Every structure is written in structure tokens, then in C-alpha cells.
Amino acid sequence: MVTAYVMVKANTGAADRLREEISGIEGVVDTHIVAGDVDLIAKVEVDTPGKVKDVSATSIQAIDGVEDTRTYIAMD
Amino acid sequence: MQTFFKWRGVAPDMRFVIIGAGRVGLRTARVLSEEGHDVVIVERDAAKSERARGQGYEVVEGDGSREEILEEAGIDGADALGALTGDLNVNFAACMIGKHRGARTVLRIDEDYREEIYRKYAAEVDEIVYPERLGAIGAKNALLGGDIRAIADIAQHLQVVELTISETAPIRGYSISELQLPADATVLAFGKSDGALEIPSPDESLENGDRLVVLADFGVLDDVRQLVVGEAGRAAAGGVN
Numbered sequence: 047m048v049t050a051y052v053m054v055k056a057n058t059g060a061a062d063r064l065r066e067e068i069s070g071i072e073g074v075v076d077t078h079i080v081a082g083d084v085d086l087i088a089k090v091e092v093d094t095p096g097k098v099k100d101v102s103a104t105s106i107q108a109i110d111g112v113e114d115t116r117t118y119i120a121m122d
Numbered sequence: 093m094q095t096f097f098k099w100r101g102v103a104p105d106m107r108f109v110i111i112g113a114g115r116v117g118l119r120t121a122r123v124l125s126e127e128g129h130d131v132v133i134v135e136r137d138a139a140k141s142e143r144a145r146g147q148g149y150e151v152v153e154g155d156g157s158r159e160e161i162l163e164e165a166g167i168d169g170a171d172a173l174g175a176l177t178g179d180l181n182v183n184f185a186a187c188m189i190g191k192h193r194g195a196r197t198v199l200r201i202d203e204d205y206r207e208e209i210y211r212k213y214a215a216e217v218d219e220i221v222y223p224e225r226l227g228a229i230g231a232k233n234a235l236l237g238g239d240i241r242a243i244a245d246i247a248q249h250l251q252v253v254e255l256t257i258s259e260t261a262p263i264r265g266y267s268i269s270e271l272q273l274p275a276d277a278t279v280l281a282f283g284k285s286d287g288a289l290e291i292p293s294p295d296e297s298l299e300n301g302d303r304l305v306v307l308a309d310f311g312v313l314d315d316v317r318q319l320v321v322g323e324a325g326r327a328a329a330g331g332v333n
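Sequence lines, in order, name chains A and B. Per the numbering used here: the first sequence ends with 122, consecutive numbering throughout. Per the numbering used here: the second sequence ends with 333, consecutive numbering throughout.
So that you can see chain A by itself, here it is in the shape it has in the complex (with noise of 0.2 Å):
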């Protein structure tokens, strides 16, 4: 298992619906909007590294209002 931590810039002020949409991806199991540089953070939990990318490069990304994404894999 796989736990990383995507941290979501947005360009929208629909916070509500990023959150919602970015909860409802495979593998995602927690999504708190934040205060600061970035707007929303999300937790990642899936089997093997290479489908961390598939949920932030290839799903997160693709949501309207999503500017970028930054993942940190966990290393413990």
C-alpha cells in the first residue's frame, strides 16, 4: 500500500466542488480544504507508486478549476 499527499492549487473559488469531485476519484480518501498556498490537500491510499500518478497527474488534473498539483509520497 501507497499513501501519498496531493496538494491541489485551484483557480476557482468553487472550493465545494473541487473537494467533491477530487472524494469522488479511486483512491482518494480524504479531502480538506486548506488555508494557504495551496487550497485543498488529498489523501491517497492505492497499491503500487505508479497510481499515485494516475490519480493526481491523470484525475485531479483534469478537473475544471485544478491549476497544478504537487504530490508527496509517504516514505514510513
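Just so you know, not all the hints are guaranteed correct.
[Unchecked claim] If you anchor each label on the Cβ, the simulated ranges turn out as follows:
{"hint": "1", "chain 1": "B", "residue 1": "Gly146", "chain 2": "A", "residue 2": "Asp114", "range": "34 to 44 Å"}
{"hint": "2", "chain 1": "B", "residue 1": "Glu126", "chain 2": "A", "residue 2": "Tyr51", "range": "20 to 30 Å"}
{"hint": "3", "chain 1": "B", "residue 1": "Ala288", "chain 2": "A", "residue 2": "Arg63", "range": "41 to 51 Å"}
Simulated from the structure, these hints should not be mistaken for lab results. As the structure is a prediction and not an experimental result, all values here were calculated from the model. For each residue, glycine too, the CB sits at the ideal point set by N, CA and C.
Since the structure of chain A is already known, use the hints to place chain B on it.
The following block gives chain B in isolation, referenced to the frame of chain A:
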């Protein structure tokens, strides 16, 4: 509304903590000081701190997102905290501490889409400012010249504007008490063409060159402009948002 009356110097002297001695923070500190309020600036950068001190401000050098630094700046006795750095993380942390210590909090955002998010979710933040928007309003006013001047965004759909009555204005010649503005607009102040702005008195007559300060919803701003400025002004000014 509250902000507007503070600007007019009606509120008694207050104490403010401003985080950030950049262009926004210093400018804010200057306006508050000029109105007789106590201002303490918190700035992380030594050179910026020195420059602010050189301009006569009380400066606490340190990270405005740290509680002990805000304590040193007197957050406990402060009426309000303005988190005005370019670093949103610092600004939000400062507001969290400020709110916890009982201060009114104002957060500077760096991109306008965040306004909606912070209004909805950031309970620690009482007001949000996006300086670039105000700058854009100023630039637009300057470019247009003309007889309508945006003074402030009060809320997303609410703006305070100053209008100058023209020769062809439908309201010209009437008195303040006869003035009928749309439902979502209120007259806040009135000034004769050669006088200062004052709280309007009902008998005052509205003449060419006189100025009205109006709080209006964007939806009725065009109607207000048409009434107060007349057709010519309307064509020249366009939207203010």
C-alpha cells in the same frame, strides 16, 4: 459600512497590528497613523524593518505567524490585526492567532479566486482584501477621468462610489429629500462643488458639479449613474467592477 465610517474619522482612536512592511502594509500603516491611530508593524526582514522605523513607525522585527512575536507587538490590546504580507500562510496563521486573542482580523489574499473560499471557510478572518483589485479600480478611474469614482468595494456586490452631478443629470435642481435612488442604493455623503463632503441634509439642492457618495449594489450602479451623472457620463464611464 463600518470601514467607511472609520475612514471618515468617526471612530475613536484605535490600536492596530499590521503584519508586513511591504507596499500594502506600509501604506495601510501610514493612512491609519495619519488618522491618529496607534500602529505597530511586524516585519520579518531586517532591511524593511529598518526602513519602516526610519519612517517613524514602531516595528517589531520577527515572524508575524508566531504568537510570541504578536504578543510583543501588543496583539492583546489591539482592536484589529491586518495580515498584509505577500505570504498567504503567514497571513492566515497571524489571523488565527489574532482572532484567538480577540482582535478583528483582515487577511490579504494574493489571487482573487481565493476571496470566495476564505469568506466561506476561514472563520478566523473577518475581512479579506485583494489589493490588486483596488489598484485596478484606481487605474480605471484615472484612465476614464469622468464623473464617477469608485471609493471602495464593501462586499462582492456592493461598492461605494462618488459621483459628480452634471449639467444634464435628471436629478439636477432637486433637493436631497426629493432624490429617489433605486432600492439597493443609499446616499452616504454630499458635498457642494466647492465644499467638503458631509452627511447630507434633506434641504440641500443638487447642482451641477456637486458630489454624492453612494453605497450601491453593482446591479443598480448603472441606474444610479444615469440619474446622478446623466447620459453623457454613463456612456463614458462603463462598469466600475
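We went through each hint and held it up to the structure:
no.: 1; hint: B:Gly146 - A:Asp114: 34 to 44 Å; verdict: 39 Å, holds
no.: 2; hint: B:Glu126 - A:Tyr51: 20 to 30 Å; verdict: 46 Å, violated
no.: 3; hint: B:Ala288 - A:Arg63: 41 to 51 Å; verdict: 48 Å, holds
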